[in-house]
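Residue numbers (my numbering), protein chains in the order written: chain E, 1 to 303; chain L, 1 to 345; chain Z, 1 to 285.
Bear in mind the hints are in silico, worked out from the structure with no lab data behind them. Any given hint could be a false lead.
[As the list claims (entries may be wrong)] Not the full set, but computed from the structure, chain L residues with beta-carbon under 7 Å of chain E: (1) Gly167; (2) Ala174; (3) Ser253; (4) Ala262; (5) Lys277; (6) Asn279; (7) Ser283; (8) Met284; (9) Asn299.
[Stated by the list, open to error] Okay, the calculated beta carbon distance ranges per label pair: (10) Z:Asp43 - E:Ser265: 41 to 47 Å; (11) Z:Ile103 - E:Leu210: 23 to 29 Å; (12) L:Ser130 - E:Pro71: 41 to 47 Å; (13) L:Gly133 - E:Ala72: 38 to 44 Å; (14) E:Ile33 - L:Gly133: 37 to 43 Å; (15) E:Arg203 - Z:Glu161: 29 to 35 Å; (16) Z:Val16 - E:Ile147: 17 to 23 Å; (17) E:Gly23 - Z:Gly228: 26 to 32 Å; (18) Z:Glu161 - E:Leu210: 22 to 28 Å; (19) E:Gly23 - Z:Glu161: 19 to 25 Å; (20) E:Gly266 - L:Asn95: 37 to 43 Å.
Model, not experiment: these values are computed from the prediction. Glycine is no exception: its CB is placed at the ideal position from the N, C-alpha and C atoms.
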Amino acid sequence: MATKIRVKPKRGIRGILETGIWGTLLLCSLVSIFTLAMVFLYLVGNALPFFGRLDLWSFLSGTSWNPFGDPASYGVLPLLVGTILVSLVAAVIAIPIGLGCTIYLSEIADPKVKRIFKPAIEILAGIPSVVYGLFAALVLSDWLRSITHSSSRLNALNGAIILAVMMVPILVSIAEEAMNSVPRSIKEASMALGANRWETIRRTTLPAALPGIVAAIVLSMGRAIGETMAVIMATGNATQLTFDILSSVRTMTAALAIDVPEAVSGSVQYQALFAVGLLLFILTFGINLIADYLMTRFKEAYK
Amino acid sequence: MDKKTMYIAVGIIAIIVIAAVGATLVLNNNGSINPEKNAKIVLLKKTSSSPTFSPMDKAAVYNGSYPLSRYLYLYTDGIPNSTSSVYKWLNYVLNTSTGQMQVQDAGFYPLQTVDLSAMRAQLTMGNTNSLTGSFKEGGSTTMAELTNLWAAGFKNATGITVTVSLGGSGTGIANFINHAIDVAQSSRVMSAQERTNAAAAGINVTEWKVAVDGIAILVFKDNPVNVLTLPQLEGIFNGTYTNWNQVGGNDQSISLFGRDSASGTYASFKDLVLVKKENYASSMLQFNSNALIVPEVENNAGGVGYVGIGYAKEATGTAAQTLLTSFVAMATPLQELDFVMGNGP
Amino acid sequence: MKRRTREALFFNLFRVCAAIVVLALVVILGYVLINGIGKWSIDFFTQNPRPNVHGALVEGGILGPIVGTIYLMLLVMIIAIPVGVLGSVFLQEYLGSSRIARIWWMVVNNLAGVPSIVWGLLGVALLVYYLNFGLSLIAAAVTLSLLVLPLIMVATKEAVEAVPSSLREASIALGATKWQTVRHHILPYSASGILTGIILSLSRAGGETAPILLTGVAVNASIPGALGDQFQALPYYIFLMTQTTDRTQAYAMAYGASLALIALIVGLNLVAIVLRNRFREKYRW
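Same shape as in the complex, but just chain E:
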């Protein structure tokens, strides 16, 4: 942590230069403050009038999403369920595999393998989402179809699997950091007491690294929930409310990308879409708050 050092202000040119430079830096940080304010105000400002026209409950519980329909309906439930379905199934796939990979990397792999693995994970993390979407739409969907014989090859499962692939790198890098931060003394103590490596991991290392691991899970889920391009290309974007992973769904991010560009500024559709955006923001904000809290706990535990 940075210590705050009080320095007596210098006089003369150097002092002016110094102040000038710090002034510039202050300006730079103000830009960031401004950005957050903008995002929040923008979302809230455009979403709030919607709740004047329509009540919150019917928005949250309405089962039909058709803002440009005739008659129009503004129920966010199909979108919410779509997002949660895809993200949850992605998590179910990504978390075990990611954690297994993490444990392998931090405890089992020998250093030479590690040197190959870590860049591989970084490459996976760097692949743009449109390429993942391309793969999901063109290749993965066909493979899934031949296994599941679903009626539509673009469906929630397709989206979930590709999201899982996108989640794993984030999960692994953060969780691995957490596991590496566990002091060796604890692990050595466990082994000195006769535990073998697996028992040490299971009973000592993992519980110790738990806050960091949960933070990793939560952050990667945040990525999954906020993903736009890959799900648009992979899930088919039907507006139905369904819990069937082999049918097409639309996520909240997809709804924003599809519907907002043609909405007229200030119209009820525009405001409804921003209500969806606000909901999304709140969801990811909540997730990040949880992750933040956990990360602080995990960092403080091992100062």
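Model the placement of chains L and Z on the given structure of chain E, informed by the hints.
Chains L and Z only, in chain E's frame:
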């Protein structure tokens, strides 16, 4: 130690590449790269006792016997005067040897003589809109490939760049109203509400018909259903019918593939087919381009989708044939086409 | 079950998990490589996309998209890096670890998690319409800069935090001003971490599609000559190629362009590794 890391990084990539080559040779390469022509066009009739028509029948589309005929439009702010680039653009588009020729290449139908004359007459009344130099156009994805041809040919002929962005007719019109683009391309007419908004934004909305389209209904090649009435089509797309055996086919559940709400084709089809003003079934998959609907229908025994005729022709493998026929019919020298396409002398 | 057997069982399970992850990478990269490398040629990189006879934009090459993406990355570099790095440094030095700082960094971390589509919507409302930049390169670049700003700030913060305070204290004790301390002692030692953050952000900016979709990417723009021009971009080109007629050609172009985009990003990451090692060599503590 650190140089070593870099060499290892390069080595890693090499290994991954080699492993990837090996892996994909082992895995079976699926058919996405070589799509088969697994879709066919359904003939439509207005009622069960009417004659059937195909969107491939030019005359039927022109005279409206084919129920899903529609125009494709451009919208400008006022009628451009003859020095502006928008005038030159419209002049290029509404010309039988350049723009209208390319309409056929893209798979649509050129304007009939009467419509073309009316549009050209409108073009002579220009007195506003003196935009010179390059300008921005945007909107309909149905017209995307047509506009690609027009823009490329126009640039070759006049040197003016028309920058095209997509997003669907609705998005294009919204951008047009907001002054972000100069010309909107749309596969549906502007609604009364949109015209009001445009007027409020100070835009003098001028509509130009530029091509003719017949929305084609595609089904899986082996689907025994070859003909549908309009009421049946309506029942399929509003979710009333969920199985093909309800409209004379096999026991196969219906999978709907359509456009998304920003699309002009979504709106035109809705107006023409869902005449009771109901909504599409919520189980319909929604795509932001016609070209995405085709592979879905091809891969789905129960699939049905609607696309502009330019996309159906490619799907059913009749494109090349039609092009040759139209060449012969128009008796246009191929050299002129070459020049327009930029390959010329 | 014997303890040793159990250990062996689980360890093999974890090895399988790692293998699955590697497999995913190999399969995806493999597909892109195999289907895309065939398209790579001099023409591919030096020609603009051209429509074929039917209008599908599958001929020519990807010059326009590559240049557009590079321009975007350059602009993001110019806009976001000074603001992000300097702003972050300022906040670290002035706010230290006070309560305000903790709240602030919580806020920044949250900004990092905002979905890219929301940034796109903000970009349209603020830059395209309110500030009247229109659909343009600058609108897209600023939107992308806003998107990566939190990433750069967090990376800078982590890098600066890692510098031991003894260095800072020693510098001040010898009479240096705060800025001199930062410039000569803190920044060089945190350079490698900052650089990694910058490169990651640039890769992210170059690969984003949703924000540029709304703020000005075009299908056929010429090479932008001014900030107000529209532009092409690799991610959008890839997206477009999945929804074009003449699928055989289009998909091949999509894979070829994907390979180019991935190569660009991997290349950037390699540059980062090299620079990072250089700085680490030079500034050890």
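Each hint, compared with the structure:
no.: 1; hint: Gly167; verdict: holds (5 Å)
no.: 2; hint: Ala174; verdict: holds (5 Å)
no.: 3; hint: Ser253; verdict: holds (6 Å)
no.: 4; hint: Ala262; verdict: holds (4 Å)
no.: 5; hint: Lys277; verdict: holds (6 Å)
no.: 6; hint: Asn279; verdict: holds (4 Å)
no.: 7; hint: Ser283; verdict: holds (5 Å)
no.: 8; hint: Met284; verdict: holds (6 Å)
no.: 9; hint: Asn299; verdict: holds (6 Å)
no.: 10; hint: Z:Asp43 - E:Ser265: 41 to 47 Å; verdict: holds (43 Å)
no.: 11; hint: Z:Ile103 - E:Leu210: 23 to 29 Å; verdict: holds (25 Å)
no.: 12; hint: L:Ser130 - E:Pro71: 41 to 47 Å; verdict: holds (44 Å)
no.: 13; hint: L:Gly133 - E:Ala72: 38 to 44 Å; verdict: holds (41 Å)
no.: 14; hint: E:Ile33 - L:Gly133: 37 to 43 Å; verdict: holds (40 Å)
no.: 15; hint: E:Arg203 - Z:Glu161: 29 to 35 Å; verdict: holds (32 Å)
no.: 16; hint: Z:Val16 - E:Ile147: 17 to 23 Å; verdict: holds (19 Å)
no.: 17; hint: E:Gly23 - Z:Gly228: 26 to 32 Å; verdict: holds (30 Å)
no.: 18; hint: Z:Glu161 - E:Leu210: 22 to 28 Å; verdict: holds (23 Å)
no.: 19; hint: E:Gly23 - Z:Glu161: 19 to 25 Å; verdict: holds (24 Å)
no.: 20; hint: E:Gly266 - L:Asn95: 37 to 43 Å; verdict: holds (40 Å)
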